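Q: Top to bottom, those sequences are chains Z and V.
Quick note: the first sequence, position 67, residue 67 per the working numbering, numbers continuous.
Quick note: the second sequence, position 237, residue 237 per the working numbering, numbers continuous.
Simulated from the structure, these hints should not be mistaken for lab results.
All of these numbers come straight from a predicted model, not from anything done at the bench.
Cβ coordinates follow ideal geometry from the N, Cα and C atoms, glycine included.
Just so you know, not all the hints are guaranteed correct.
What the hints assert, rightly or not - If you want the footprint, here are the derived chain Z segments under chain V, 3+ residues with CB under 8 Å:
#1 11 to 21
#2 90 to 103
To be verified - Which chain Z residues face chain V? A few, computed with CB under 7 Å, are given here:
#3 S278
#4 Q282
#5 S335
What follows is the residue order along each chain.
Protein chains: 2
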Amino acid sequence: MTLHVHKYGGTSVGTVDKIQNVAQKLADEKAKTGHDLVVVVSAMSGETNRMADLAKQMQNKPSAKQMDVLLSTGEQVTISLLCMALQELGQSAASYTGSQVKIITDDSHTKARIEDIQTDKIQTDLADGKIVVVAGFQGITVDGAITTLGRGGSDTTAVALAATLKADECRIYTDVDGVYTTDPRVEPKARRLDRITFEEMLEMASLGSKILQIRSVEFAGKYNVPLRVLSTFQEGSGTLITYEDEDMEKAVISGIAFNRDEAKVTMEGVPDMPGVASKIIQPISDANIEIDMIVQNVAEDQTTDFTFTVHRNDYDTTMKLLQAISKELGAEKVSGDDKIVKVSLVGVGMRSHAGIASQMFAVLAKEGINIRMISTSEIKISVVVDEKYLELAVRSLHESFDLSQE
Amino acid sequence: MTLHVHKYGGTSVGTVDKIQNVAQKLADEKAKTGHDLVVVVSAMSGETNRMADLAKQMQNKPSAKQMDVLLSTGEQVTISLLCMALQELGQSAASYTGSQVKIITDDSHTKARIEDIQTDKIQTDLADGKIVVVAGFQGITVDGAITTLGRGGSDTTAVALAATLKADECRIYTDVDGVYTTDPRVEPKARRLDRITFEEMLEMASLGSKILQIRSVEFAGKYNVPLRVLSTFQEGSGTLITYEDEDMEKAVISGIAFNRDEAKVTMEGVPDMPGVASKIIQPISDANIEIDMIVQNVAEDQTTDFTFTVHRNDYDTTMKLLQAISKELGAEKVSGDDKIVKVSLVGVGMRSHAGIASQMFAVLAKEGINIRMISTSEIKISVVVDEKYLELAVRSLHESFDLSQE
Numbered sequence: 001m002t003l004h005v006h007k008y009g010g011t012s013v014g015t016v017d018k019i020q021n022v023a024q025k026l027a028d029e030k031a032k033t034g035h036d037l038v039v040v041v042s043a044m045s046g047e048t049n050r051m052a053d054l055a056k057q058m059q060n061k062p063s064a065k066q067m068d069v070l071l072s073t074g075e076q077v078t079i080s081l082l083c084m085a086l087q088e089l090g091q092s093a094a095s096y097t098g099s100q101v102k103i104i105t106d107d108s109h110t111k112a113r114i115e116d117i118q119t120d121k122i123q124t125d126l127a128d129g130k131i132v133v134v135a136g137f138q139g140i141t142v143d144g145a146i147t148t149l150g151r152g153g154s155d156t157t158a159v160a161l162a163a164t165l166k167a168d169e170c171r172i173y174t175d176v177d178g179v180y181t182t183d184p185r186v187e188p189k190a191r192r193l194d195r196i197t198f199e200e201m202l203e204m205a206s207l208g209s210k211i212l213q214i215r216s217v218e219f220a221g222k223y224n225v226p227l228r229v230l231s232t233f234q235e236g237s238g239t240l241i242t243y244e245d246e247d248m249e250k251a252v253i254s255g256i257a258f259n260r261d262e263a264k265v266t267m268e269g270v271p272d273m274p275g276v277a278s279k280i281i282q283p284i285s286d287a288n289i290e291i292d293m294i295v296q297n298v299a300e301d302q303t304t305d306f307t308f309t310v311h312r313n314d315y316d317t318t319m320k321l322l323q324a325i326s327k328e329l330g331a332e333k334v335s336g337d338d339k340i341v342k343v344s345l346v347g348v349g350m351r352s353h354a355g356i357a358s359q360m361f362a363v364l365a366k367e368g369i370n371i372r373m374i375s376t377s378e379i380k381i382s383v384v385v386d387e388k389y390l391e392l393a394v395r396s397l398h399e400s401f402d403l404s405q406e
Numbered sequence: 001m002t003l004h005v006h007k008y009g010g011t012s013v014g015t016v017d018k019i020q021n022v023a024q025k026l027a028d029e030k031a032k033t034g035h036d037l038v039v040v041v042s043a044m045s046g047e048t049n050r051m052a053d054l055a056k057q058m059q060n061k062p063s064a065k066q067m068d069v070l071l072s073t074g075e076q077v078t079i080s081l082l083c084m085a086l087q088e089l090g091q092s093a094a095s096y097t098g099s100q101v102k103i104i105t106d107d108s109h110t111k112a113r114i115e116d117i118q119t120d121k122i123q124t125d126l127a128d129g130k131i132v133v134v135a136g137f138q139g140i141t142v143d144g145a146i147t148t149l150g151r152g153g154s155d156t157t158a159v160a161l162a163a164t165l166k167a168d169e170c171r172i173y174t175d176v177d178g179v180y181t182t183d184p185r186v187e188p189k190a191r192r193l194d195r196i197t198f199e200e201m202l203e204m205a206s207l208g209s210k211i212l213q214i215r216s217v218e219f220a221g222k223y224n225v226p227l228r229v230l231s232t233f234q235e236g237s238g239t240l241i242t243y244e245d246e247d248m249e250k251a252v253i254s255g256i257a258f259n260r261d262e263a264k265v266t267m268e269g270v271p272d273m274p275g276v277a278s279k280i281i282q283p284i285s286d287a288n289i290e291i292d293m294i295v296q297n298v299a300e301d302q303t304t305d306f307t308f309t310v311h312r313n314d315y316d317t318t319m320k321l322l323q324a325i326s327k328e329l330g331a332e333k334v335s336g337d338d339k340i341v342k343v344s345l346v347g348v349g350m351r352s353h354a355g356i357a358s359q360m361f362a363v364l365a366k367e368g369i370n371i372r373m374i375s376t377s378e379i380k381i382s383v384v385v386d387e388k389y390l391e392l393a394v395r396s397l398h399e400s401f402d403l404s405q406e
């Protein structure tokens with residue numbers, strides 16, 4: 001028996017009409033394919049924020065444990081309403097909260113990690129022909145405390161259920177119809193990909209394509225759950241995220257990701273001694289500031305330049321911290337720029353193809369775009385350029401690597 | 001250690017401010033008395049109706065099982081918010097849903113009955129000095145299905161917890177400051193009672209004083225849990241509902257209850273034969289119509305008159321059913337009146353005092369109020385009179401039995 005896990009996010013179940021639409025899609029799918037269906041749903045859009053607002057009025061820093069008790073009601077409302085809508089269509093259905101499944105997590109409230117899923121009740125219901133509706137985003141500790149998985153947790157629930165139930169596919173229904181070669185709002189010629197590998201998707205996701213949560217992609221990759229991103233509101237086959245295989249389209253580059261949220265800071269003329277990098281980074285990390293790219297050039301005259309990027313919101317704090325560290329280390333000066341963007345080429349084909357980097361740099365040079373930083377990984381090349389060049393860089397790279405053609 | 005269970009209904013926790021007010025009261029009480037406190041809360045007022053509306057849009061007759069999954073989220077929101085508010089005041093607190101406690105019920109969804117309550121976790125928290133906040137109205141079956149207890153279920157939760165925990169008192173906080181000798185909107189001289197017996201309260205409640213649910217009063221009586229009704233919004237000691245004891249004020253009559261929701265129907269000239277009463281009542285009962293008072297006079301000329309009261313909403317249906325039955329039985333005619341009220345004197349003192357009935361009838365006669373029906377029990381005398389006499393009857397009886405004096 002083929003088993004599919006579907007996941008519908010908050011905007012897909014945001015109103016009575018939309019829940020009825022989802023119920024109709026599921027009932028049709030069940031009637032047409034006869035597949036076993038497990039459906040993971042989020043809270044109706046807006047509900048989580050409404051409750052978080054209530055919590056903030058109650059407590060200056062709302063208790064994480066109580067926050068989980070509060071927020072987990074959101075998905076509980078959706079599972080009951082979706083079951084009612086399915087039953088109204090004559091389709092039998094059963095609902096489960098995270099506690100009822102049980103989805104066992106650790107006790108890190110508001111950002112818990114799934115440790116185990118009990119599937120016996122779900123499997124009984126599936127055998128009875130029921131569509132099983134599970135509340136996303138939530139679980140329970142072994143002591144019976146309610147937990148939530150943090151932002152995007154419903155994706156994680158869906159993938160974890162798919163892995164545990166050994167589902168044939170995990171479908172993430174959202175408001176976009178798949179993964180594109182780049183953001184269509186920046187490059188109208190962007191093309192929807194039929195397939196992409198887990199590794200590429202991880203790079204695309206972490207670089208700002210907000211379609212899927214990184215944790216759920218990692219999880220799907222780890223347990224080899226084929227993941228498909230589709231639109232709730234349009235027909236189409238979406239994008240399948242899977243492991244590289246023989247049939248995979250042989251493109252060198254799959255897509256261009258970019259990130260407008262970064263700022264870069266540089267400490268110039270740092271004495272080139274062991275332990276300096278750590279002395280620079282430690283205070284930043286202690287202030288809970290996340291560092292993305294780090295670049296250090298080879299030393300000249302016993303000094304070196306040390307550059308890294310942080311989130312723009314952390315730019316001012318980082319600059320202040322660096323001024324202090326700079327004095328301590330006897331560096332020449334601290335400089336920074338928060339009007340930058342990071343543009344990345346992503347593709348597993350890069351592994352076996354030389355010349356991608358040089359083609360990229362040549363394209364940018366031809367357009368007169370100065371490259372501020374470069375960083376590479378096995379399947380990605382990232383450059384930092386001035387913010388004003390974002391569209392030009394993305395479009396010229398998209399054109400040069402022929403991404404609008406299959 | 002003294003243990004009190006408090007219950008706050010939907011209007012007492014209807015807004016952020018009101019929840020904070022309840023938290024303040026609880027923290028003050030804890031600081032002042034040092035009592036162990038368990039608090040049962042309802043959904044914020046309006047939430048249950050909002051969710052029931054959503055359900056009706058989903059399913060013509062919403063599944064009772066899914067309705068319970070949906071509605072139980074209401075109290076879950078309140079327990080988390082109240083815990084946050086308590087913690088903000090520096091008072092440690094723990095929250096429990098019905099499933100978490102566990103409050104085990106049968107599987108009669110939307111009207112489940114409590115079968116067992118596990119109190120070990122609650123007792124550990126109380127020993128730690130925490131205020132324990134429990135979601136009212138809800139439970140869980142042994143199979144893990146979420147259930148609700150029906151209207152007024154939070155009172156039942158509170159009383160059941162108090163009984164199981166052997167609490168010293170169960171306090172029901174509501175929007176009135178106690179039980180009155182009669183409705184103050186009808187008789188401004190109505191006096192708040194300091195004490196009333198369980199039996200009297202049952203009669204008062206079933207006769208239309210909507211302060212407490214009958215089931216919770218029965219339960220409190222059965223397990224001898226002293227029950228106190230108080231106002232959430234005013235200071236005061238409310239009304240204690242308990243068993244009759246030596247100290248009890250020696251009033252013959254405790255109060256006057258009335259019910260405006262009834263209608264009376266009469267079948268006249270019914271042949272006086274065994275089995276006739278059953279033949280009249282059975283079809284009414286089969287139509288799910290509840291019958292309150294039944295009066296049958298002694299037979300004259302081998303025929304009798306048979307009169308009973310039903311809810312006004314059922315008056316038309318009842319009249320139609322009776323017309324049909326009347327033909328079958330060869331009765332003379334069917335008559336009815338939906339402009340009536342029932343007025344009742346209630347008091348345990350009645351048991352040992354003769355003359356209450358005659359005093360009541362004399363008072364009504366003096367005011368020119370014709371009595372349509374009479375029915376008595378050990379601690380209650382009810383009369384049916386024309387609707388227009390309600391205020392006059394209540395006030396003259398209140399005066400005659402001296403109810404405004406302690």
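Q: Hint Z/Q282 vs chain V: min CB-CB distance below 7 Å?
A: 34 Å, violated
Q: Next item in the hint list is Z/S278. Is there a CB on chain V closer than 7 Å to its CB?
A: Since chain V brings no Cβ nearer than about 39 Å to Z/S278, farther than 7 Å, the hint is violated.
Q: Count the residues of the segment 11 to 21 of chain Z whose Cβ falls closer than 8 Å to any Cβ of chain V, and tell me whether that reaches three.
A: holds (count 3)
Q: Check, residue by residue, whether the segment 90 to 103 of chain Z contains three or more positions whose beta-carbon lies closer than 8 Å to a beta-carbon of chain V, and give the verdict.
A: holds (count 4)
Q: Any CB of chain V closer than 7 Å to the CB of Z/S335?
A: At about 44 Å, which exceeds the 7 Å cut-off, the nearest Cβ of chain V leaves the hint on Z/S335 violated.
Hint check: violations occur at hints 3, 4, 5; the rest are consistent with the structure.
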